[in-house]
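There are 2 protein chains.
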Amino acid sequence: MKKLIFRFNNQGSQIRLNSKDILGGKGANLAEMARLKLPVPPGFTISTKACDYFYKNNKKIPKKIIQQTKKELIIIEKITKKKFGDLSNPLLVSVRSGSRVSMPGMMDTILNIGLNDETVIALKNKTSNGRFAKDSYRRLIQMYGSVVLGIESHFFEELIENYKLTKGVIQDTELEEDDWDGLIKNFKEIVKEKTKKNFPQDVDEQLSQAISAVFLSWNSKRAKTYRKINSIPDHWGTAVNVQAMVFGNMGNDCATGVAFTRNPSTGKKELFGEYLINAQGEDVVAGTRTPKNLLSMEKSMPKIFQQLKKIFKQLENRYKDMQDIEFTVENNKLWMLQTRSGKRTARAAIKIAVDMVKEKLILNRDAILRVDPNTLDTLLHPTLDEKSEKKIIASGLPASPGAASGKVTFSADEAESLKEQKQDTILVRVETSPEDINGMHAAKGILTARGGMTSHAAVVARGMGKPCVSGSNEIKVDYENKLFKSNEYIVKEGDVITIDGGSGKVMLGEVPTVKPEISGDFSKLMIWADQFRKLKVRTNSETPADTKIARDFGAEGIGLCRTEHMFFNEKRIISVRQMILSKTTEDRQEALAKLLPYQKSDFFEIFKIMNGLPVTVRLLDPPLHEFLPKTEKDIGDIAKELNITTNDIKSRIIELHEQNPMLGHRGCRLGISFPEIYQMQCQAIFEALAECKKKKIKLVIPEIMIPLVSTASEIKILRNLVEKTAKAIQKIHSIKIKYYVGTMIELPRAALRANDIAKYADFFSFGTNDLTQTTFGISRDDSGKFLNDYVENNIFYEDPFVSIDERGVGELIKIATERGRMRKKSLKLGICGEHGGDPSSIEFCEKAKLNYVSCSPYRVPVARLAAAQAYLKKK
Amino acid sequence: MKKLIFRFNNQGSQIRLNSKDILGGKGANLAEMARLKLPVPPGFTISTKACDYFYKNNKKIPKKIIQQTKKELIIIEKITKKKFGDLSNPLLVSVRSGSRVSMPGMMDTILNIGLNDETVIALKNKTSNGRFAKDSYRRLIQMYGSVVLGIESHFFEELIENYKLTKGVIQDTELEEDDWDGLIKNFKEIVKEKTKKNFPQDVDEQLSQAISAVFLSWNSKRAKTYRKINSIPDHWGTAVNVQAMVFGNMGNDCATGVAFTRNPSTGKKELFGEYLINAQGEDVVAGTRTPKNLLSMEKSMPKIFQQLKKIFKQLENRYKDMQDIEFTVENNKLWMLQTRSGKRTARAAIKIAVDMVKEKLILNRDAILRVDPNTLDTLLHPTLDEKSEKKIIASGLPASPGAASGKVTFSADEAESLKEQKQDTILVRVETSPEDINGMHAAKGILTARGGMTSHAAVVARGMGKPCVSGSNEIKVDYENKLFKSNEYIVKEGDVITIDGGSGKVMLGEVPTVKPEISGDFSKLMIWADQFRKLKVRTNSETPADTKIARDFGAEGIGLCRTEHMFFNEKRIISVRQMILSKTTEDRQEALAKLLPYQKSDFFEIFKIMNGLPVTVRLLDPPLHEFLPKTEKDIGDIAKELNITTNDIKSRIIELHEQNPMLGHRGCRLGISFPEIYQMQCQAIFEALAECKKKKIKLVIPEIMIPLVSTASEIKILRNLVEKTAKAIQKIHSIKIKYYVGTMIELPRAALRANDIAKYADFFSFGTNDLTQTTFGISRDDSGKFLNDYVENNIFYEDPFVSIDERGVGELIKIATERGRMRKKSLKLGICGEHGGDPSSIEFCEKAKLNYVSCSPYRVPVARLAAAQAYLKKK
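Chains as they are written, first to last, in numbering that gives the first Met the number 0: chain D, 0 to 874; chain V, 0 to 874.
Hints are supplied without guarantee of correctness; some may be wrong.
[Said to hold, decoys possible] With a straight-line cut-off of 25 Å between C-alpha atoms, the simulated DSS-like cross-links for lysine-lysine are: (1) K715(D) <-> K730(V); (2) K693(V) <-> K629(V); (3) K80(V) <-> K332(V); (4) K227(D) <-> K715(V); (5) K421(V) <-> K582(D).
Source of the hints: derived by calculation from the structure; they are not laboratory data.
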């Protein structure tokens, strides 16, 4: 067995930098703070490796570790001059978990280990504070009962609440020593009743059981859920930190607090935090008492405040990043309990990264890697329209920026199931807890009645990049009747509300939103990203409006213009339907002739905006039946319009019905069956170009894309059609038009036959949505029925429709890339599935040496940043 | 330019054996007969290479070829002592096409070239037979008009028919010289009218135009269609045979005939053929006159008959195969015009192959390669039930064996379109012609009113392995009113009839059929095949009846037992539906418990029949909604039965509805979501084995197959479920059960991840139906809408659902095989898609080194033979 226990104290630490894998994040940071000689209570970390031994040893702590633990305790005893279990000056310790990456609220913590019926008296005597001693003891029983013995916490909480009601007090602080004595008795009775055993008086047993419990908590349901959501491997394990207790709740010269070295919401360089006088750590984060702003400490504890400021600077210099800190003041002495890289909003992340470059703490390439591209979304999506009417019904803390509307729901499960029905929800809770993680993931936004800016709800929402209003004291949640009251308003489950996490306002109904404005630090970061990326970023767009947005966001071309989207317009759908209902080629051509001017003018508008940038136009892709009317009324209307019988239409609908439309008569198969459709579309493209030429608009080079190709013959035939059409239009308008013809690679066979297909293609665009569907044999539309079972069974860690499945779909992309370029060195390669806006998929595209990614307009900045990160990570 | 013209005559030939690629089949055989010194009219062959030059030379005959042709004509003139275009003793020649493989009736022939208004008089004088000379001249005009000038043949035929009606005669032979003179005048007028030119009097022009026409006929529509159906490459081209004419129509010491060296219908070693006295070749094959049995020639032309018998033996000794021969007797001299390997029925093919081994003409490995496995079908499929009542309405010649029922249709197009609607048809024609090929392909059987055993209909039907009754004089076809009369019966389009090509009987309605009996030569051939094959042959079966048939046909195991087929039984479907409608796991288990005994007894029966052979059981595969009731009535019934509301059922149907069921919640995805279903199925398998053990039946080793796997995790989880169930059952019954667990490879991702998957699989079975669907992204059910367009555009040469697409799907199979075996050397590999019974796919499986193929029971012998051929061809 290698070294499994690592000491830290005022002498420094037993391990060097970057030891998170072994010590966990918390342990590594404690060790680091000790190295920096910051005031850290003495302690030691049992490494993550031990977690592995623990599980291999039948979930028992190996004897060697117990022996070493005892040795380390002696060292702590020497430093603190206290003794564990001593009847005159007892040492108390905390036991905390800590894994490689922060899992806030996920793992368990037990404080005050070492107290029993006898040592509690010693503590009382030693501190001359009976109330404090008893309060500490009841906390131990409560935490130990919950974490080690599995007794649900509310059994203890209810006792306190009832007692307070009887006594007519509100705050725990109003309870006296005698009150706690009574409650301790009751707590111990609960333990006896639930476990048939007494609360352990043996302090060694307390310690070893606590360590076991931390290891066991690694495999608790909520920890597993968190890991699944965040793609954290199960085998990492957790470390255990055992540390001498310091107390923020020994009197009014005591305090406990959390702080950030900068503002985690705005990124501003300012002290930001909250503290409570005479409280223990849990009181701050649990949101049970509303804490004070850290700045007020300058007055209440000026010495400590200055000391903290100095330490913050030291930590930022050391970590080159914003820190999230926990501290305790015990009888006017500051103790640092934790430091870690702080979670922040996207806005803050950008400001901090750009500021730190200015401050020369980091390089601009580091700044690029500091911002999670996925969070940019929150900055890019619309915010509340200032001018729109708002019925504000409550306000709270602006805990996580962004605006969201949705149906009110009071349970995480309900939020989840509504999400499956594609309904937007706002999750409303008194306060959130780790059990709510799934629901927070599912909801569009979170609103809580209690808790501060660092409450569970606020921290998790910021991490998820979701709007959150926390601590809105005005709202009274009534879970039983599924409603909340706020002033004169009653909001029921299912009613729509809007929350603005930037202002902390809660509004009735859905409030319109406006386009976000991008500038300053954001633009600077984007410019840096552009300097470092190799992948071009295009957009998927088919309307002038979207195209404009995408250009503003920095799109360098259109990677996918879905021409069929242009067909759904009210004026055009009639002609589209006429075309589909045609029985002869001639009738079809007549209907197509009506569509031509529309398509032409759409292309003209888009080409104008793109001003010379590449535009990939995909010819008609979906099966024709998608355009047919569905309701009786629509069928009647169209029959009248086209002067045919409804029966004609119905029989055509039956004729066109498909068992599996995804695998049916669509894509280039339509082009083969009805070449006149593709011919019209090409004519529209080329005539739009002729129009541009006439109006002296810079010509784009259209990339005409043939969808759903599986054989070289298909593209050969259709390329020929495009070329013939181009020739004809060029002749008519006496112009020379440059264009490319290529294909989507969205079927496994196309990937395998890329060599043949490349002969007739100037470019490939990977249609990863369909390629994922066919490679897995999973219909995205139908996958909802089993996807949950798949995630629960660890079959899918990531939804393959969100991030490219590198091992399956990715191999086909690599095969196609290799074989395509083997045939044609100049082949241009891109991706236009929704994966094109997903950072981890973009990282794959960089590795696979594609030329560009294409994504929806709002994902363009995400893709630009992700592409830069992909390039930097590859290097 | 290489040598392009090859001479053959009584001196021998200019080319050695196996020259079909260059001379075409007909030319090569003429050359070979000349080598054997058989009496072949002198001539020469213009090679297939010249066809290529012809097309490259703008569809004109290169000058060099014309010059060489003239030289060769002089040699023919010397031998025949006649001169081309001579006014006293004119040489006449025939021009015939001949490609590498026989394309019966596809290519064009022109006879009597060299006749004009002057030479016809010379011929009359020389032969002292004015009627013969004029008849020959009108035939030239007619054939030249049709083939070279593109005048539809019926214009000429109608003139003859009208003239005969006016004159009150029936047979052409009843027409005199004067009659033909008049018709020649009329024929020339038609030529003038249709082409605005006179019929060419220049004999050199006649010859070169005829040669051009043969080359051009290579790209005629019907030739292209035939090539497409038979997978003949377009670039092969045709050769042209120019040969001195001999005449079977110069009087009663003349004859023309066709013969087979053995009976092509039964395979019996006997002279088989037909001839006509005083007729030209076309008269026999066109079926316009009903010819005489060749055996009667022993009396009418005894010397010739004996000579023919000798030649037949020479030819069989040379070609080691049954020959199909054309001959002509001119003034009591025999001339051999053609020999080729004869088409035959499957029954004949087997008998001939086995007999020739006995005769030591060939080895048994040659015999195996002589029989087309696809044709075995005709022997295996049921024949008419002797005992059943038959309403015989007509009889004709037993032209191609087998029985078939279907709706009467009178046009090839209609037969084709009914086939698309999956309707069986019998194509009824006066006589068939190459234009009918598509319809003959589509129909289940062919019935003609005219034509002999060697008529177009008969030859083509035998080639296709389809039942055919030809020359049924009793039936009168009325195309206009879409009916035929036969004696007192009137049969309309759409009425069902049955034909028996073995007896020549035509019956009203559908006649029941019986299982064919396999024995004698067939069994011998199968035993030989088994000695030469490496691939095992299993069957796809899930009923005791089918399993029995498959065993009788030699199946060596079950490769696919689709357990869901067992669910559709009337008694069980209720429980299946109850299971699906269950809302809780408990309800589902209750319903499953009812299904268990059924499944168990099914497995028991099958295991009993298989008696120790391997049985692959696929766990539930289709989406659950397939089992739900579809009609209002069924929904009502089931609601009553299960005591729930119809709305409950309807909402469940909506809930289970899928956009793309093929890619939906099916296969192992059901096993992951509802493990209790798979658990029940495994329990049934293992309990059936326990039952076998108890009853001392030889235990099969079940191969439990998990369908639709795309990740290793799926099979890992489900293998675990199988193992747990096995353990439990083994414990209960205190027995040891051997079994394997494997998966279908039917999704591209499964093929790519075969390495991971093989870790948990003992075997892979390629589900090539679904693998083809996902690799191409084509739903088989929906492909009908564009498959025709794809065949017409040469995108698909073969339907990928019939023969494995080697370049796409095949690569995935190879990848999976390689990667799977890399992980697990012992991995057993098979194929269970419908491709398992397709000879060309079986050839691929042999190349891909699979262990077995599995196919439907009736395809088992086909697969056994095809597997042997695949092995022999590979070597």
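Hints versus structure:
For the given pair, K715(D) sits about 63 Å from K730(V) by alpha-carbon distance, which is inconsistent with the 25 Å threshold. About 42 Å separates the Cα atoms of K693(V) and K629(V), which puts this hinted pair outside 25 Å; it is violated. A distance of roughly 16 Å separates the Cα atoms of K80(V) and K332(V); the hinted pair therefore holds under the 25 Å criterion. Note on K227(D) and K715(V): the hinted pairing holds, with a Cα-Cα distance of about 19 Å set against a maximum of 25 Å.
Restraint check for K421(V) and K582(D): satisfied, since their Cα atoms lie roughly 23 Å apart, inside the 25 Å limit.
Hint compliance for this structure: hints 1, 2 are not met, and every other hint is.
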